[in-house]
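Residue numbers (my numbering), protein chains in the order written: chain A, 139 to 470; chain B, 139 to 470.
A portion of the hints provided could be inaccurate.
The list treats identical chains as interchangeable, and a pair is accepted whether it falls inside one copy or across any two copies.
Said to hold, decoys possible - Cross-link-like lysine-lysine pairs, in silico, DSSO-like; alpha carbons within 30 Å at most: (1) Lys187 to Lys449; (2) Lys375 to Lys225; (3) Lys449 to Lys222; (4) Lys225 to Lys449; (5) Lys449 to Lys393; (6) Lys393 to Lys225; (7) Lys187 to Lys225; (8) Lys393 to Lys187; (9) Lys393 to Lys375.
These aren't lab readings, by the way, just hints derived from the structure by calculation.
Protein chains: 2
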Amino acid sequence: MVKQTYSKVSTNNHIAEFVSRVRAGDVRALSRAISTVEDHTPESTDLLKALFPYSGNALLLGMTGSPGAGKSTLVDQVARVYRKQGKTIGIVAVDPTSPFSGGAILGDRIRMQSHHADSGIYIRSMATRGSLGGLASTTADVATVLDASGRDIVMIETVGVGQDEIDIVRLADVTIVVLVPGMGDDVQTIKAGIMEIADIFVINKADRDGAERVEREIRAMQTLAVRHDDWTPPIVKTVATDGSGMEELAQAIEKYRSYLEQSDRARQRRIENWRVRIAEMLRDALFQRVLSYYLSEGEATRYAAEVADHKRDPYSLVERIVEGLGRPDERN
Amino acid sequence: MVKQTYSKVSTNNHIAEFVSRVRAGDVRALSRAISTVEDHTPESTDLLKALFPYSGNALLLGMTGSPGAGKSTLVDQVARVYRKQGKTIGIVAVDPTSPFSGGAILGDRIRMQSHHADSGIYIRSMATRGSLGGLASTTADVATVLDASGRDIVMIETVGVGQDEIDIVRLADVTIVVLVPGMGDDVQTIKAGIMEIADIFVINKADRDGAERVEREIRAMQTLAVRHDDWTPPIVKTVATDGSGMEELAQAIEKYRSYLEQSDRARQRRIENWRVRIAEMLRDALFQRVLSYYLSEGEATRYAAEVADHKRDPYSLVERIVEGLGRPDERN
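All chains, full assembly: derive it from the sequences and hints.
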């Protein structure tokens, strides 16, 4: 008992020191904090609880779009614009795509290392291999760490092809969807639902043939899509590789940010985002609880064998386990 | 009390009749059963419980791959091969991609309607828009309905770009990953983890330049990947549009099926699949329970506002709610 209390105090001291290093801009502490959160180590929840009060000041920019749309280069260029304004930046690059496209992505990442001498830009690639669900939650937690560390801008970059990616960028204050002309319909393939969440559209590689066609398609879609506010997402044309259109993009972001700040919209959006995120955190926590208390390794295998052998139906099984929980006490 | 008992009996009769129609091959009943499961209507669990005992006989084929790899055409051709053998087929096409690629996909789907006169092929496109998680579970349930309806082969087709899609095809007996040459690295973009779950690789559009390069890349990857068995996934080259390579693909499927049937491997794989699926079903059921009992609409919004205003940290909140669930009783 005494041991436990002591160890709790010791943990708290350790966390407090960890937090103050992260807050002081110690990049190694920041990297370690992100790894802690990403790996869900035992101290990650305590760390997040301690960092959370310092978060909420950064502008969260989410950027998503087709594979090959040049998102990394675009993120790089946007970061340059903000650096010129003296702002500090944290970038989380989430790329769940395969080794087949690893070449190009690695190339981009290496190129971005050119910023490495500048401690005002911190870049983190998220390892998503083997992550069983919870990717959106983990990314949001990493963004919280960067936000709490005092970065002015936190950019989240992801390939817009799965539900995970929608969940990730939905948590941003400003969501930018990047499209690209002239690669055929197949390449434009992005998740249904991505188009609806765009606050700003970017047509990158806009010097290529077909940029007008993409613009027309976005306009056509906008006449159909229903937004819950009166913002019409602007379409910005860029050529990220030479920096064209970057000022226009920065202005579009600023314009949307001003719009959000009118009549409490920014707060309403964060409330809505947190509503979704709290539900997801609960689901993830429940899954962990299922594995700990409701379905031991041995039971899981036994049940699975019974179901596979058709000796038991899984629907009744799940009902029975959940009913075994009983009703919650009144207080909750 | 009497009313409730009566209504239960009435429900059971209704379900029993529903099941017998589905089992008798009534296509309208089958469509209605799938809609019931897909929409999670109140009777869906009773229906699945009643259908489950009849499932487990179909061969579940999962097919996934890059957008634009020609999966639909391939599924179509594989279906033709099986129809020639007198087998009945159910196809579930899960496509979470955007309206931007809708043209091509719709075209495929319309083309496949050519089978519609043949009641031996049943095709169902899954509506995934707005589905909050649970897509893999729902797809698996739809596959169970098709399986229980007496179809010999159940094919599940999905774009291999998100975690959802991995979860979906992982539930198949045989997983086929489709790649395509000559479209550049960008298009080859598929979710990390997809490559590892392939039992058979298909290089479709193999008459294009670059088929050898794709083959070399797969071979290179195979020297690195670790499988839990001694099966080396074969690489089959096809041109789905003219039917080339379809016999080879059917043979590869048959060969893997025979391999699975040796030394209990098919059963072991189904047990492993059910282990994952039962855990996911439990998670979804607990999540529903949380939304019903622990987090009313009003509470969720209030908590979200407190978190957005930084009056409360979400990590402690989630801990408190999950602890409120209590431990399950001993019997479980």
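Verification of the supplied hints:
no., hint, verdict
1, Lys187 to Lys449, "between (45 Å within a copy, 12 Å between copies)"
2, Lys375 to Lys225, "within (24 Å within a copy, 52 Å between copies)"
3, Lys449 to Lys222, "neither (66 Å within a copy, 34 Å between copies)"
4, Lys225 to Lys449, "between (62 Å within a copy, 27 Å between copies)"
5, Lys449 to Lys393, "between (61 Å within a copy, 28 Å between copies)"
6, Lys393 to Lys225, "within (18 Å within a copy, 60 Å between copies)"
7, Lys187 to Lys225, "within (26 Å within a copy, 58 Å between copies)"
8, Lys393 to Lys187, "neither (33 Å within a copy, 54 Å between copies)"
9, Lys393 to Lys375, "within (16 Å within a copy, 52 Å between copies)"
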